[in-house]
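Protein chains in written order, with my numbering: chain A, 1 to 437; chain B, 1001 to 1256.
If you're looking for bench data, these hints aren't it; they were derived computationally from the structure.
Honestly, I wouldn't trust all of these hints.
[As the list claims (entries may be wrong)] Here are the in silico distance ranges between beta carbons for each label pair:
no., chain 1, residue 1, chain 2, residue 2, range
1, A, L226, B, Q1054, 51 to 61 Å
2, B, R1091, A, G14, 50 to 60 Å
3, B, M1235, A, P413, 46 to 56 Å
4, A, L386, B, L1201, 36 to 46 Å
5, A, A48, B, G1142, 37 to 47 Å
6, A, M324, B, G1142, 34 to 44 Å
7, B, T1059, A, L111, 49 to 59 Å
8, A, E60, B, L1111, 40 to 50 Å
9, B, G1140, A, A124, 45 to 55 Å
10, B, E1233, A, F419, 42 to 52 Å
11, B, L1201, A, K21, 49 to 59 Å
12, B, V1112, A, L226, 30 to 40 Å
13, A, M409, B, T1059, 48 to 58 Å
14, A, A241, B, R1017, 50 to 60 Å
Using N, Cα and C, we set each Cβ at its ideal position, and we do this for glycine too.
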Amino acid sequence: MPIERAGLTTRRVGPVRLLAKMRDAFAQVPLLGWLLGALAAVIVERFAGYPLALDVGMSEMPALFGLENVFGQPALIPGTILYVLLIYLLPLGIVAWLSSWPANWLAKQLLRFPQRISLLIHLALLYAVLSQWASLGDYRVLLLKFTLIAIIVTLSLNVVNGFMGEFSCSHPGFMALGAYAASVVTVLCFVHNKILGAPLLPHAPGLLIFPLSLMVGGLVAAFGALFVAIPSFRTRGDYLAIISLAFTFIVKSLIENLEIVGGARGFMGQPDFASLPAVFVVAALSVLTINNFVRSTLGKALNAVRDDETAANAMTVNTRRTKMTAFLFSAFWAGVAGGLFAHVIRYVNPGSFGILKLSEVLAMVYLGGLNSVVGSIVGAVGLNVLMEALRPLEILKWIVIPVLLILVMIFRPTGLVAFREFKVEEMLKPKMKPPER
Amino acid sequence: MALVQVHNLTVYFGGLRAVHDFNVVIEPGQIRGLIGPNGAGKTTVFNLITGIHQPTEGTITLDGKSVVGLQPYQIAAMGIARTFQNLRLWRHMTAIEHVKMARYSQLSYGLVGAFFGTSKRVREEAETEAIAMRLMDMMGIGRLANEVVTNLPYGVQRKVEMARALAASPKLLLLDEPTAGMNPEELREMVQVIRQIRDRLGLAIFLIEHRMKVVMDLCEIIQTLDFGEVIAEGMPEEIQNNPKVIDAYLGKEVVI
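Make a model of the complete structure from these sequences and hints.
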């Protein structure tokens, strides 16, 4: 609903009452309606974004919902607010509100089909929104890809640090393994490389080989995880943290000394396979499988092991196998994320998988919230957007972000949305029946 | 045939002999008690039977099969479930998740089911949920199923733990001080629940208890342990009047 206009015409109602009414109206909008609204917003931006941006004094469309202007060009803040309001919030609100009835009807009809179909439709809509938004600038595409990859890594680390309650520092190492393994596969197959030689395959089946190479990356990472898991899961405590930290450094120096993949100079020439749809599909797959896993009784066993291992063992849970499986699964997805990362920037060097990467991923996990799939998504998106928005502050960024993290740790020690289940079936449901007043 | 036979069970912790030459034969459907002063080794006996500690000597058989040397989860899956003296609940999980967790060994959907949500997984999870719900209703805590356990009152937490043990479909249930810290009302209720469990599910129960009233009410046979050795065994009345027991245990402090 248009906020300011409604406010003018129904002044007698009072702003509090109006807000309550709006909240009721929007509470009935199902996810489908919000996605339609978002789609409308990005389509409006496509046609009206550029002229409006010029009108309010910007030289181009704001890349990040105007957030980058808040610190970058404070003079533009009023114009930016107007832009965000007109281009994003207004179409989103109007379409979501108008579509609430048909979207509810559609969501209700979808209940008759298997949940998978409804899920696919929602994901397709989400992809449409994201790709539309990203199509208006290369920067947006890159940011979106990095954010999606960050979601995969954060989720996979949350499986170990949140759901299982151990402390693993080895995810940069797994990412490095995945990145190099996947790169070697694709370069070997499709690119003429000085050391690895002529391409083995014609370029055509690239889209078939790319998922395979990611898979190889994930499996290599999972294999590497065995070397961490076998010694450290014999006991609980700090052992995993120490061994996994060592693992990250070992992987890094191993790659630095492997001439065949370029050593410390890095490894380049990955074919351009990591398109936005590819990254999106892999990210969606990772969210779904990880969420499926942690919501099953098999996955809940992780929580049982975390909260009381003796009790879990006494209740028929094979705790050692549970821990191993979860750790390897987590490493697999970190490896896949590494493979994607390598193909997005089409260059990897061992330096990017060090302690800095580790702190970044840990920050995303703990900011978003332990033991929560939604939390990891919030953390990954939040921190990525924040880092970009604070870019104009330059070096001060590295003061603001840690301070924010400390504040989160003080006021919400387990993270922003910790210990909440991500109930997909609840999200897809229609939200019928307005509360009568 | 006896359900569980424990023969000549002995364990040393370093130089300390915690349990010495402990023997017990548990018949199906029997309720047995194990009493004794603090530090007598009662919980150690339970830990030995459930595989948390390994005995130095002796044999433990369930249905004629030895369980010595098996991992606790294997023994639990074979049919010996237990509760703990100080509740061992999983503090972030809801009551029903606790009960479902004890069905872990019965789930067969595997990792593929866990990752991709196959129809087999959906079916098995639903079955498990139904079983868990039935057990919780039997314990009278069905309406609290979706509460996180740390938010529940103590008596209910005890029942959650018991429902969880029952969900493993045990043949023998070991209860380690099931009424510890309960008020008289909760106590009466718990005695009824224990009897009900035995009558409805037909399993054998072996319990450690400090409150004489509970032991005397429930148990058919009672063993008394002192310094790791059985000093008396018999019917409740015999135990009550046994001078050794009174010396070791009842005589020191008056317990109702």
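Checked hints:
1. L226(A) x Q1054(B): 51 to 61 Å: violated (28 Å)
2. R1091(B) x G14(A): 50 to 60 Å: violated (45 Å)
3. M1235(B) x P413(A): 46 to 56 Å: The hint (46 to 56 Å, Cβ to Cβ) holds, given that M1235(B) and P413(A) are roughly 55 Å apart.
4. L386(A) x L1201(B): 36 to 46 Å: violated (56 Å)
5. A48(A) x G1142(B): 37 to 47 Å: Between A48(A) and G1142(B), where Cβ atoms are some 57 Å apart, the hint is violated.
6. M324(A) x G1142(B): 34 to 44 Å: Hint holds: Cβ distance 35 Å, inside 34 to 44 Å.
7. T1059(B) x L111(A): 49 to 59 Å: Given a distance of about 58 Å, which is inside 49 to 59 Å, the answer is holds.
8. E60(A) x L1111(B): 40 to 50 Å: At 48 Å between Cβs, range holds.
9. G1140(B) x A124(A): 45 to 55 Å: holds (47 Å)
10. E1233(B) x F419(A): 42 to 52 Å: holds (48 Å)
11. L1201(B) x K21(A): 49 to 59 Å: With Cβ atoms ~55 Å apart, the hint holds.
12. V1112(B) x L226(A): 30 to 40 Å: Cβ of V1112(B) to Cβ of L226(A): about 20 Å, so the range 30 to 40 Å is violated.
13. M409(A) x T1059(B): 48 to 58 Å: holds (53 Å)
14. A241(A) x R1017(B): 50 to 60 Å: violated (38 Å)
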